[in-house]
Every structure is written in structure tokens, then in C-alpha cells.
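With the sequences and hints as input, model every part of the structure.
Read top to bottom, the protein sequences are chains A and B.
Each step along the first sequence adds one to the number in the numbering used here, with nothing skipped, and position 229 is 229.
Each step along the second sequence adds one to the number in the numbering used here, with nothing skipped, and position 169 is 169.
Fair warning: there could be bad hints in the mix.
[As the list claims (entries may be wrong)] Pairs of lysine-lysine residues, derived as DSBU-like cross-links and limited to a Cα-Cα distance of at most 35 angstroms, are as follows:
1) K69/A to K136/B
2) K136/B to K64/A
3) K132/A to K78/B
4) K6/B to K78/B
5) K132/A to K162/B
6) K132/A to K130/B
7) K132/A to K284/B
8) K88/B to K132/A
9) K309/B to K132/A
10) K132/A to K19/B
11) K132/A to K12/B
12) K269/B to K132/A
13) K130/B to K69/A
14) K12/B to K269/B
15) K269/B to K309/B
16) K69/A to K162/B
17) K163/B to K69/A
18) K216/A to K12/B
19) K64/A to K309/B
20) K301/A to K88/B
Hints in this document: simulated from the structure, not taken from any laboratory.
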Amino acid sequence: MPWTTVQVEKLENFLFKDNSESDRVISYKDAIFETIDESLARDSSVFVFGEGVDDPGGVFGTTKGLHEKYGRERVFDTPISENSLTGIAAGAAMAGLKPIFVHSRMDFLLLSLDQLVNHASKWSYMFGGKVKVPLVIRTVSARGWGSGAQHSQCIQGMLMNVPGLKIAVPATPYDAKGLLVSSIMDNNPVLFVEHRWLYKTMGNVPESLYSIPFGKGVIRRTGSDITIVAVSYMVIEALKAAEKLQAENISAEVIDLRTIKPIDEDIIFESLAKTGKLLITDTGCKSGGAASEISALVCEKAFHLLKKPIIRVCCADVPTPASDVLEKAYYPDSEKIYTQVINLLKS
Amino acid sequence: MLENEKLIGLYKTMQTIRKVERKIEEEYKYDEMKTPIHLSIGQEAIAAGVCLHLRKDDYIFGTHRSHAQYIAKGGDLKKMIAEMYLRKTGCSLGRGGSMHLIDPEVGILGSTAIVGGNIPLGTGTALASKLQNNDKVTVIFFGDGAVDEGTFHESLNFALLKKLPVIYICENNHWAINSHQSQRHSGESIYRWADGYGIPSYQIDGNDVLKVSEYAENAVSRCRNGEGPTFIECITYRWKGHIGTVNDVGIGFRPQSEYDYWISKDPIKWYADYLKATGVLNDKMDESIDEEIDQLIDDAFTFAKNSPKPLPEELMDFVFAD
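Structure representation (C-alpha cells):
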């Protein structure tokens, strides 16, 4: 069993009850698999490629067996050439196709920044909108089990600095499907950020295809004492923290942004108008990341709503350590969110 | 052997490229073209010889030094010059500048100012041709500097693996800015690198437009027949310095003797002499071609200079496609 699976198998099955018309409950992983399957069936311009998409594991099950159903022309393994493969995907997109390029670790995305940042994301602007680049880059981040500094990074915050790139960070099975559909339909490069620790998460997912608009967050739990804005997997940790805070009679509102580029500013400001206090939690490093950008936005546009300083609960600004003891110190979790909220409210 | 009409067509294309670039050089001092320019004077035969065999719907990708390819592929000259002047009517609506030329109507999907950056993009349109089951060909133009980049090696491996309809044209002018090829490569033959990947690869005189045309024609036909990629290294020389209108000969960069040798191998002069010696071109025709091109250039510069500039409130347009 791969090490990432060992860790994930130990996790409990977190269940989301989204506002879905469907009673069907499936996992985050199956929601992604199903979306790719249905998209390949529906649109002949969609194709999926990346290291391991047609191996027996099929990128943790998200592409498993699809090469048998749609052929290796549309579902294929690649040379380990992340940068050029990103450019090749961008070129194919310019010629009218809808590529989905998969990185089984987000760390590998760093090898492709020239083609992603210098080319794909700039092409529309640089040429006055004459060419579209409808490209989806799927990345999977892992956490724990000694993954270490080069197999666990969540660099979505760094990439918020790239004009022309959209970034989706789905936390529930319903959102994984709806946002992946939107990403495939979008005429721009989209970074689709998945988290390995969300793969077992269960939730309501309709069988048919549906889309969720970019820049539209959702309130996962309503509250009145503090607003917790969470990104990707941290939505689950935030909800766990909110549950514990409730026992202390502290009512936390949890906002899942769903996309961090664009950001739903209004949902944050409306919540702050109620609570006046803000904690932001992200899977990436603290400095210069998603939490920094969100706190800057709030300071710039909604400073008058703040009654207390903003708190950021993120990874420490160090490379990920392998030691389980150091990992615990490094990663943000519900305990840290809980403690920080208690401290803030006491101050 | 090409028929006379095509032989003359090649000549017109080369002359248009040369005259447009000479005009840009002449006008540049007035500081109205506020964008870096990279002239390819001396290298005209390559773009002309290759693009002669391309259809309107075939794709090309160029570099920062792309005026020649844009013109040879049939890009709109008025829009190109307007882009030099960074006008709203420019091919990239004033957002790109001289290094980012595009004309999707004729398959020019853009050019990049990152060395080697266009090689994967063109390999990607070739992948699209294969998946879409059409016979469109992609040509990627790049210099001897681009082969230093990983994208060159990664893309060639992939193109052969998937047998893609793509032609890699290396315009080897020996200089990457001021760094000579001998400072960057252990050998002199770039085509051997491509050959090492198993791609049919050739090194030819890039100043001989008929040679370029002959090899390009074969490569295009291989692509259309589903036989996969071809690599052609065209040996040539840029007369001007890397950027702007400067002459960098004899001031510590390039030796005078090297420059003089290549001036004596002027691809246009050689070809005009050949056409006249074989009776395809005469002085009268040459004059009328001259006048025709001058008129086109005058019209393009007039159009550009009279075009409006983008407005500040349009800054955010086009970041995202609809």
C-alpha cells in the first residue's frame, strides 16, 4: 500500500451535507473520477494526461481505468517533463482542445512555472484576448506520514500572484465535482487544488453534471462570535474546531472560499459585520500566502469591521519536516485553531 | 523545382521582410515605437522558404525575433506595425509589443520572449492536430540559444514518442545575445542532438532559400502523411546586434571578418542574382516589386501612426478570456 494511502486510511470519514438535491453520498475521490469520466464522455475535446494516469492506481483512483474506456490517445501517461508538458497542454488548448494535466504532487508543479506563469496564464492578455487557453492543471497535495519537504507542499498561495490564473480549492465532494466542471468549461488556465486528506471525505453529489461559479464562497457553519475563513482541507479542521468551541459557548462561523482566485470578498465582509473577529486558515505556509492575501483584503476594505487583530493559522514558514513530532508542530489543525480563538477572545 | 510564380513569391517575401525591418530601423530613432525590437536582417530566407509550403490553417510559433515569420506566414502587416507603435489597432491591441505578434486568422498563435518557451506550445498544437485527426502542420522557429533550454529536449522526446506533425526550425545565427555558440555547446552541430532523439534531422545553408524550401517541403509532406516530426538546422547570421538598431561589430562583440563574410552571403542578393541569371526576374520586374512593397509599407506605417493608443481604463481588459 502506498505510504500516502496508509495515512489516508487512518482518517475518519468526514461527511458533508451540502445543499444538494441528491441523496447519493460519494467520496471526494469518486466525485473527481466521475467528473472526469463524464467530461470525457460528453466532450471529445477533453483529454487527461500526466504521470501515472493510466497506471493501475490511476492517480489515487481519480483516473483509474479511464484509458480502457476512452483509449490512450485521450488518457495517457507522460514523460517526466512537467514544464514542457504544461506548454504542450497550453498549445493544445490554443488549438481548441480542453486538456486536464495532472500532478500527483503539487511540488512537481514548481517545475512547470515557466510554461504556467510566463506562457499559459499570460497568453490571453499578451495578445489582446485573441487566443484562449482553456487548461486545467490538477494538483494533489499530501500531508503527513513523513512526506517531507518535497512531497507535501501547498503552494496555491504563491500562485495567487499570477495574473491570468484562476485557482479552485474544493473541500467537499459536491464542490470537487461542480468546480471541476467549471474549471473544464472555463476558457482560462485553472489551477485545481486537491488535497489527499480530502479524498475519503463523503458528501452528497448529484449524478448529473453541474457547475459551481468561481468566486462564490459558502458558509459551512453559521456563527456569531468569530469568522473562520478556511482554504481546502482546512475547512474540515475549522469545522472540528468550531464544534469544540461550541462546547465553550463560542459560536464560530466557518467560511469555505471554494476558489481563492477570484476571492468572494462579500461573504467575508458580511460575516465580519456580524462577528468583528477573523481567523484565516490555509494549508500553505503563512508568509506571502493565501491567508496573507485575505487579511490584506480585509485590512484594505473592511478594517472598520475588525474588533480584534486578524489571526492566521497556517503551516510554519519552514520546509515540511519528516519527523512525526515536528510534523505535528508544523501543521495547522483544529487544536491550533481552537487555542488561537480562545486566546483571541480572552485578549 | 518550383514554378516561376512561387520563385517570385519567395523573392517578394524576402524583400518584404528586409524592407519592413529596414523601415523599422529607420523610424526607430524617432522613439515612437516604445518597445524593444529584434531585427532579423540577413536571416530572411528561412522564414520565406519554410512558410512557402504552409497552408493558412497551419500553425507557427515564433520568438522575440519574429518579424520575418509573421510576414512570411501572411500576418497582417498593418496590424504588425501598429503593434510596434503599441496602438489599439495592433495585432495584440498594444498589449504585446514587438516580441508578441499574433494573427490567428493565418495560424500565427503567438510568439514568446522566453527563450525556448514556444517549443512546447507548438508541440502542443501538433498534439491537437493528432487528437483532432486533421492534417494541420505546426512549425516552431527558434535560435541556437533555445536548444540550451530543457523545453527543447523535453519537447523533441515527446514529439517523436507521439509522432506529432511538427517541424522544428533552428535558425542558427551562432549568437545568443553576445554569447557565441562555441561558449555554450561542446559541438557545432545542433542537428545531431535532434538526431539523437531519433528525429530526422538536417543541417542546411539557411541563406539559400531554395535549399530551405526543398527541406521544408519534404518535412511538411512527412507531417501531412503522419510520419512525424522533422528538425532542420538552418545556418545563418544576423547582421544587426541582438536588440534595437545597434551595430555591434568590431567593438568587442563580433569580429569584422565574420561580419564581412556573412554580408558577402546576403541571402537576398544571392537569390536575386540567381533569379536574374535564370531569366525568372528582370530589372523591370524587380523595380515594380520594389514599388509594390514600398507602398504596402507606407500604408502600414501611416495606418499605425494614425491609430489610437489604448486607454488607461482598458488596463484590466483581456486578463481573462470570457
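Going down the list of hints, with the structure as the test:
no.	hint	verdict
1	K69/A to K136/B	holds (27 angstroms)
2	K136/B to K64/A	holds (32 angstroms)
3	K132/A to K78/B	holds (23 angstroms)
4	K6/B to K78/B	holds (24 angstroms)
5	K132/A to K162/B	holds (24 angstroms)
6	K132/A to K130/B	holds (20 angstroms)
7	K132/A to K284/B	violated (46 angstroms)
8	K88/B to K132/A	holds (19 angstroms)
9	K309/B to K132/A	holds (24 angstroms)
10	K132/A to K19/B	holds (33 angstroms)
11	K132/A to K12/B	holds (33 angstroms)
12	K269/B to K132/A	violated (41 angstroms)
13	K130/B to K69/A	holds (19 angstroms)
14	K12/B to K269/B	holds (13 angstroms)
15	K269/B to K309/B	violated (38 angstroms)
16	K69/A to K162/B	holds (20 angstroms)
17	K163/B to K69/A	holds (23 angstroms)
18	K216/A to K12/B	violated (56 angstroms)
19	K64/A to K309/B	violated (52 angstroms)
20	K301/A to K88/B	holds (33 angstroms)
Hints 7, 12, 15, 18 and 19, counting from the list given before, are not met by this structure.
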